[in-house]
Amino acid sequence: MTGRMSRRRAIALAGAGVAGAAGAAGIAGAALTSEASEIGTDGAYPFDGEHQAGIVTPAQDRLHFVAFDVITKDRDRLVQMLKDWTAAARRMTAGRDAGPIGAMNGIAEAPPDDTGEAYELPPSGLTLTIGFGPSLFGRFGLSGKRPAALADLPRFAGDALDPAISGGDIAVQACANDPQVAVHAIRNLARIGMGTVSVRWSQLGFGRTSSTSTDQVTPRNLFGFKDGTENVKAEEPDRLRDHVWVQPGDGADWMTGGSYLVTRKIRMLIETWDRTPLAEQEVIVGRHKGSGAPIGKANEFDEIDLAAVDDEGEPLVALTAHVRLAHHSQNNGARLLRRGYNFVDGSDGLGRLNAGLFFIAYMRDPRTSFVPIQRNLARRDEMNEYLRYVSSGLFACPPGLTSPDDFWGRGLFA
Amino acid sequence: MRTPRIAALAVAGVLSAALAGCGDDAGDPGATAAGGPIKVQASDTSCEVARDSADAGTSVFTVTNGGNKVTEFYVYAPGDRVMGEVENIAPGLSRELHVELPAGSYETACKPGMIGKGIRAAFTVSGSAAPLSEDAALAAATASYSRYVKSQTDALLVKTQEFVTAVKNNEVDKAKALFPVARTYWERIEPVAEIFGDLDPKIDGREEVVEEGMEFTGFHRIEKDLWAAKPDISSDGPIADQLLTDVKEIVAKAQAEKLSPLQLANGAKELLDEVASGKITGEEDRYSHTDLWDFNANVEGSKAAIAALRPVLEERDPALVKTLDSEFANVDSTLGKYRDGDGWKLHTELTDADLKGLSDAINALAEPISKVAAVVSQK
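Sequences listed follow chains A and B, in order. By my numbering, the letter at position 339 of the first sequence is numbered 339, and the numbering carries on one by one without gaps. By my numbering, the letter at position 128 of the second sequence is numbered 128, and the numbering carries on one by one without gaps.
Chain A extracted, bound-state conformation (with noise of 0.2 Å):
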């Protein structure tokens, strides 16, 4: 018997010392450069810092990802439970239990206060990063709280949003190394907030899209092609303040050191996609399929040349590819940090595979980075043939906890 360790303690342990180091220097995010290679696929990342962690962490590979409605009408009660969240969440990212007692502990009458599925596991690198809705301001005494940066998102061409799958009043973002461990930490949370949140809608994903360090590989997506090869990364500060974290004074200050959160469930039609040529295909993303290199060039890191011409002076990146419609130049120098994920949530009744990409940005204003973007990719992208928009999300997530009595939201609902 292992008696009363915690499921997980030697390992966290491990991860803990690595863990200080990086999170003491982990401010601008300059030795955040190793700490993927630092922790391994197994450790634990620190929970509390400047900024909430899973944003410009190297994205893990297992997404699982929940939008609660609030449903009880007292303040109180809400407050409590993201305090009991945050004592939770603590526990969870360093590979311990979900409660004190732990999953197999507690008495034999009583249901234990974890959920039991990640007894045994390690930290598998599980980052919990909490935001806000916009449809949470209406109440709680919370309208003047609102950042302005918090405004809805417009509709945008081609939305076919469903309403059950979209929105919410607060969101958890659960990444990975181990799907389980995800979908751990969000069951627990789940579970603990019954009676005070409802889960409105959730999301698995797997296999990472981006690349937030430039220690990370870039991944494919179901495409087939290379995502997040411009990313804004991690080793990068001045892009990251300038386009990542919230600025003092750019609005409420609450959310200062925080970051506004986007995520669109993007469709794609697989099989249609599957039967278009290759060079079409390329054309349509504005890379070479195999290096990831803009149209034109050689390596995948090669800078894009929006202005190239071929023979018959026709742009090398279409007019309407995907790269060029969302790059900064394009977009008053926007760019965001992204974090999305593949999915597949099995196969329709028509035997299509249901599957997409889980779109996760983070950006310091909605209005002027995602927005922008968006609509020009809405428009004018030839990738909108293949592409179904089906949820949308938006949500303030507050700067990190740097003291142990701090917890989710202290600063909205101080």
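If you are wondering where the hints come from, they were derived from the structure by calculation, not from laboratory data. Note that the structure is predicted; figures quoted are calculated from it, not measured. Be a bit skeptical, because a hint or two may be false.
Examples of chain B residues toward chain A, derived with CB under 8 Å [stated by the list, open to error]:
{"no.": "1", "residue": "L262"}
{"no.": "2", "residue": "H289"}
{"no.": "3", "residue": "E327"}
{"no.": "4", "residue": "A364"}
{"no.": "5", "residue": "E367"}
{"no.": "6", "residue": "S370"}
{"no.": "7", "residue": "K371"}
{"no.": "8", "residue": "A373"}
{"no.": "9", "residue": "A374"}
{"no.": "10", "residue": "S377"}
Okay, derived cross-link-like pairs now, SDA-like style, lysine to any residue, Cα gap no bigger than 25 Å in a straight line [what the hints assert, rightly or not]:
{"no.": "11", "chain 1": "B", "residue 1": "K356", "chain 2": "A", "residue 2": "Q247"}
{"no.": "12", "chain 1": "B", "residue 1": "K174", "chain 2": "B", "residue 2": "D44"}
{"no.": "13", "chain 1": "B", "residue 1": "K371", "chain 2": "A", "residue 2": "P111"}
{"no.": "14", "chain 1": "A", "residue 1": "K73", "chain 2": "B", "residue 2": "K371"}
{"no.": "15", "chain 1": "B", "residue 1": "K356", "chain 2": "B", "residue 2": "I115"}
{"no.": "16", "chain 1": "A", "residue 1": "K73", "chain 2": "B", "residue 2": "K322"}
{"no.": "17", "chain 1": "B", "residue 1": "K356", "chain 2": "A", "residue 2": "F140"}
{"no.": "18", "chain 1": "B", "residue 1": "K345", "chain 2": "B", "residue 2": "E162"}
{"no.": "19", "chain 1": "A", "residue 1": "K83", "chain 2": "A", "residue 2": "R139"}
Computed Cβ-Cβ distance ranges for the label pairs, DEER-style [claimed, not checked]:
{"no.": "20", "chain 1": "B", "residue 1": "N68", "chain 2": "A", "residue 2": "K73", "range": "36 to 42 Å"}
{"no.": "21", "chain 1": "B", "residue 1": "E211", "chain 2": "A", "residue 2": "G138", "range": "50 to 56 Å"}
{"no.": "22", "chain 1": "B", "residue 1": "S326", "chain 2": "A", "residue 2": "K83", "range": "18 to 24 Å"}
{"no.": "23", "chain 1": "B", "residue 1": "N68", "chain 2": "A", "residue 2": "G349", "range": "51 to 57 Å"}
{"no.": "24", "chain 1": "B", "residue 1": "G282", "chain 2": "A", "residue 2": "P100", "range": "47 to 53 Å"}
{"no.": "25", "chain 1": "A", "residue 1": "D74", "chain 2": "B", "residue 2": "S377", "range": "28 to 34 Å"}
{"no.": "26", "chain 1": "B", "residue 1": "N170", "chain 2": "A", "residue 2": "I107", "range": "53 to 59 Å"}
{"no.": "27", "chain 1": "A", "residue 1": "T272", "chain 2": "B", "residue 2": "S326", "range": "25 to 31 Å"}
Backbone N, C-alpha and C fix where the C-beta goes; we use that ideal spot for every residue, glycine too.
Position chain B against the provided structure of chain A, taking the given hints into account.
Chain B in isolation, oriented as in the chain A frame:
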């Protein structure tokens, strides 16, 4: 675990012998408190209790139903703990309730149509009574719940008899009307019924739980025939007879069963599990869609088990009691939106959002209820 050892402390609520086949237990009809029987005049809209106070000891209420609906009469301790009740008082009938009440504050209630919170009034009992010891409180809890099981199973037998008779007489409309009513008494005490392995699936088995070599019988088999596009129950006589035989057997066993406080606690949770897994989804009554009747009965049964344990819980974890009170109230008000006359809306009349709201309310209650067993088992 524990069995009631101090029978004298067990609060006795006994209905006078009006039901055929109704057993008697610890009641002493002669031991009436000073002042004689308290008259209760019940109608469909009123509940006039002749006195609002009594001395500690056995009180006797004589309940006359002058209304047009079948009614019930209850005496509740705080938290809706049933101290005594008479069910099934038909229009025009009088029935007596003998109930031993220690000093304290109570409520009387008539329930015309046998549903809802009833028409309440305060009732005060004065005198002296020593507080129960912990063991005695646990013993009192199981004794109180045993009385509940007895009253529910008695009514189950009566209503099943009526249902079976209607089926055998080929009275489709009457059988349809009785189906959810008879099931109410079953659903309130279902975890007790489930103790007796084979009988539960024979009485209440759904079509898909029937194993190879086993026949699809019981309530749901008749339900399927009653709610068919062209209802045909002409060949259901043997199934109806078997249902009554099985119900008689389970009633006898349930009334003889000694329950432990832990079984009460787990039963309260299991009833909500029943709601969460079978009623919310509409699986239980998939032909009649009367799932909300069962839903409400499950919640009432859960509440009765918690109410029986209340003095123990109040002593050991008052915060939990407060949470349970507020979450039970939330379930009642959420479910109350779907009342339809004396009954309930059909499951098919509820939207997905309605069902989500009910599911949320049940989850909010079931999580704290899952903690009751540990509190009860504390030494």
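Outcome of the hint check:
| no. | hint | result |
| --- | --- | --- |
| 1 | L262 | 7 Å, holds |
| 2 | H289 | 23 Å, violated |
| 3 | E327 | 7 Å, holds |
| 4 | A364 | 3 Å, holds |
| 5 | E367 | 5 Å, holds |
| 6 | S370 | 5 Å, holds |
| 7 | K371 | 7 Å, holds |
| 8 | A373 | 4 Å, holds |
| 9 | A374 | 4 Å, holds |
| 10 | S377 | 4 Å, holds |
| 11 | B/K356 / A/Q247 | 39 Å, violated |
| 12 | B/K174 / B/D44 | 22 Å, holds |
| 13 | B/K371 / A/P111 | 7 Å, holds |
| 14 | A/K73 / B/K371 | 24 Å, holds |
| 15 | B/K356 / B/I115 | 24 Å, holds |
| 16 | A/K73 / B/K322 | 17 Å, holds |
| 17 | B/K356 / A/F140 | 22 Å, holds |
| 18 | B/K345 / B/E162 | 23 Å, holds |
| 19 | A/K83 / A/R139 | 19 Å, holds |
| 20 | B/N68 / A/K73: 36 to 42 Å | 39 Å, holds |
| 21 | B/E211 / A/G138: 50 to 56 Å | 53 Å, holds |
| 22 | B/S326 / A/K83: 18 to 24 Å | 19 Å, holds |
| 23 | B/N68 / A/G349: 51 to 57 Å | 52 Å, holds |
| 24 | B/G282 / A/P100: 47 to 53 Å | 39 Å, violated |
| 25 | A/D74 / B/S377: 28 to 34 Å | 30 Å, holds |
| 26 | B/N170 / A/I107: 53 to 59 Å | 55 Å, holds |
| 27 | A/T272 / B/S326: 25 to 31 Å | 53 Å, violated |
Comparing the model with each earlier hint shows violations of hints 2, 11, 24 and 27; every other hint is respected.
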